[in-house]
Amino acid sequence: MRRPGRWLTSSSSGRRVPRKEVPMSTTVHRKPQAPRYRAPAPIGGRRRPAVGQRRKNLQALSFLLPALLVLGAFTAWPMVSALRLSFTNASGFGKEKWVGFENYARIFTDPVIINAVVNTGLYALLFTPTAVALALVLALLLNDPRLPFRGFFRTALFLPFIISLAVAAIAWAYLIDPQVGLLNYWLSSAGIRIGNVLQDPVLAMPAVAFVAVWKSFGFYMVIFLAGLQEIPGSLYEAARVDGAGAWTRFRHVTMPMLSNTTAFVLIFALIAALQAFDQIYVMTGGGPYGHTETVVMQIYTSGFRKLDVGFASALSYVLLGATLLLSVIQFVFFGRREREGD
Amino acid sequence: MSTTLRPRLLPPGGPVSGSRRAARARLNRAVVVVLLALATAVILLPIAIIVFTAFKPATEVNAFPPTLVPGQWTMENFTRIFQELPFVRLIGNSFAFAGGVTLLALLFDSLAAYALARIDFTGRRMLLIAIIASLMIPFQATLVPVYQLASNLGWVNTFAALIIPRAADAFGIFFLRQFFLSLPRDLDNAARIDGASEWRVYWNIVLPNATPAILTLGVFVFVNNWNDLLWPLIFTTDKNMGTLTSGLTLLTGPGGIVPYGVMMAGALVAILPLVAVFMFVQRRFIESVATTGLK
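Residue numbers (our numbering), protein chains in the order written: chain U, 271 to 612; chain A, 5 to 299.
None of these hints come from the bench; they were simulated from the model. Treat the hints loosely; a few may be bogus.
[Said to hold, decoys possible] The calculated label-pair distances, taken between Cβ atoms and stated as ranges, are: (1) U/L505 - A/A52: 37 to 43 Å; (2) U/L457 - A/L254: 25 to 31 Å; (3) U/I384 - A/V285: 42 to 48 Å; (4) U/D380 - A/A52: 41 to 47 Å.
This structure is a prediction, so every number in the text was calculated from the model and none was measured. Note that the Cβ used here is the ideal one computed from N, Cα and C, for glycine as well.
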């Protein structure tokens, strides 16, 4: 399996010794999975004919140019630009003034923003464990190759992943509508009264988090299934011979062998949680009384409604910082695992 | 191999215990199937409500107690959605936006991925690291300056603003590079010996052999853009330039007086093309999601 994080050590770009240009006719065919050891450098292999290299560089550039232009103009430059804007009071019109760290200070003092940051954390706490646990349980149930209708279940449970969160939010809002909602009616028939969930200060956030769980657990489930398939059956057989029951096998074989996948899915889900927007925009618009306001909702409001561009950029950078932090944790974690794994 | 044979070779408890174990396994499996069927029913409920409500007459949609399946099937919601929104326009916009991004991104990503996988140029490793690093940037973080740039170029409310900033993406480049590396080099080297240029190798050898990866990435990019809400919301202020996803949200929220039946008809039209595309490639798509972890 190609685990995330493996790219830096495997294949052709890794710690490979620069190759000597050899005539085509004697080229050794590279296997897709390159050996991990450092091959001895060919004698005199450090220097290349400069002309050949320049031709290769030009050739590579012609392949890379369209993508580099797009990524340069719409990812790299905006990164720099957002950083600059975040230190100004830019509004999209007129002159902008340098305001130092004022925008960043506001993030930690403005109660509206603090509320959005806290809400985003709460949302992450509701969304991440639920989505990951549900995905894991369903993956475990689906992991039996002799299970009837296995393919059907896998496809059906994955289906929400391809449906737009905005459209799903419309459907869920109808299902829990206090007057005509089918789910609301069924639950109250069973004695559970949920009332007007989206106007309820306590229940609104769990509701919007739940819609995101509904959409994304299938995706995590499929990743877990792949992880489960990597566990050699002989381990289970050995545990069985030793008299281990189903729970012991899960606890001492499945969980440790799956820890890599679990960590990956957890961090991936956390990063997704930080970007909560679509279903909140559709279902509550941040309400009731700001109880479902999130960081991205605030970036949208301040940057594109109030035209407080400088502040929105500072908020974007805080979001970026949080995402990068999680990614680095993931990177370090997998880097370590990779090395231990060999 | 020996593990699968062991139960037959070693009969520790005799045939009785073996068949008892098999019977228990069958029972377990039946319980699991029932559990999964229940979970699937709950998961598919919102999709069912979209499909059924779209065909319900308004009286039934607002009736109490509510029902799932319409008593009487009608097309009135579909005719109304075309009056509420410039719906034909929105469908066209969604296809132009998601389709345009997909085609351009597949072309630009695969070109860049080819260079990274097959051409040994100076700075290749640095470029790869930069691309991997930019995988971590959420698009929301650069939205403000990207909007300003598009606005300065006069692109707001045009397809250019919707499509061009997404015409290449780090994930696609990385994903295709990984796949290209897994293709054997024998074929391209043979072609190079015969005098084929890098362009020919890319177009005639590597691309045709990478069809599964191209298809998967294409579905992924298409679905993502078709479903995106924030992006069209920001780059289009004109109702006629929105997408299905952003257009539908105009019907919800405060002051939304559009009946649920009409909204569900719109929602059904919005999810139908995706479900069709997904059914077409679902097996391969799910498997490649699984093996790459899509990251």
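- Query: Taking 37 to 43 Å as the hint, is the beta-carbon distance of U/L505 and A/A52 inside that range?
  - Reply: Because 40 Å falls inside the window, the suggested range holds.
- Message: Does the beta carbon distance between U/D380 and A/A52 stay inside 41 to 47 Å, or does it fall outside?
- Response: holds (43 Å)
- Item | CB-CB spacing for A/V285 and U/I384 relative to the 42 to 48 Å hint | About 45 Å separates the Cβ atoms of U/I384 and A/V285, which means 42 to 48 Å holds.
- Task: May I ask you to test the hint 25 to 31 Å on the CB atoms belonging to U/L457 and A/L254?
- Result: About 30 Å separates the Cβ atoms of U/L457 and A/L254, which means 25 to 31 Å holds.
Of the numbered hints stated above, none is contradicted by the structure.
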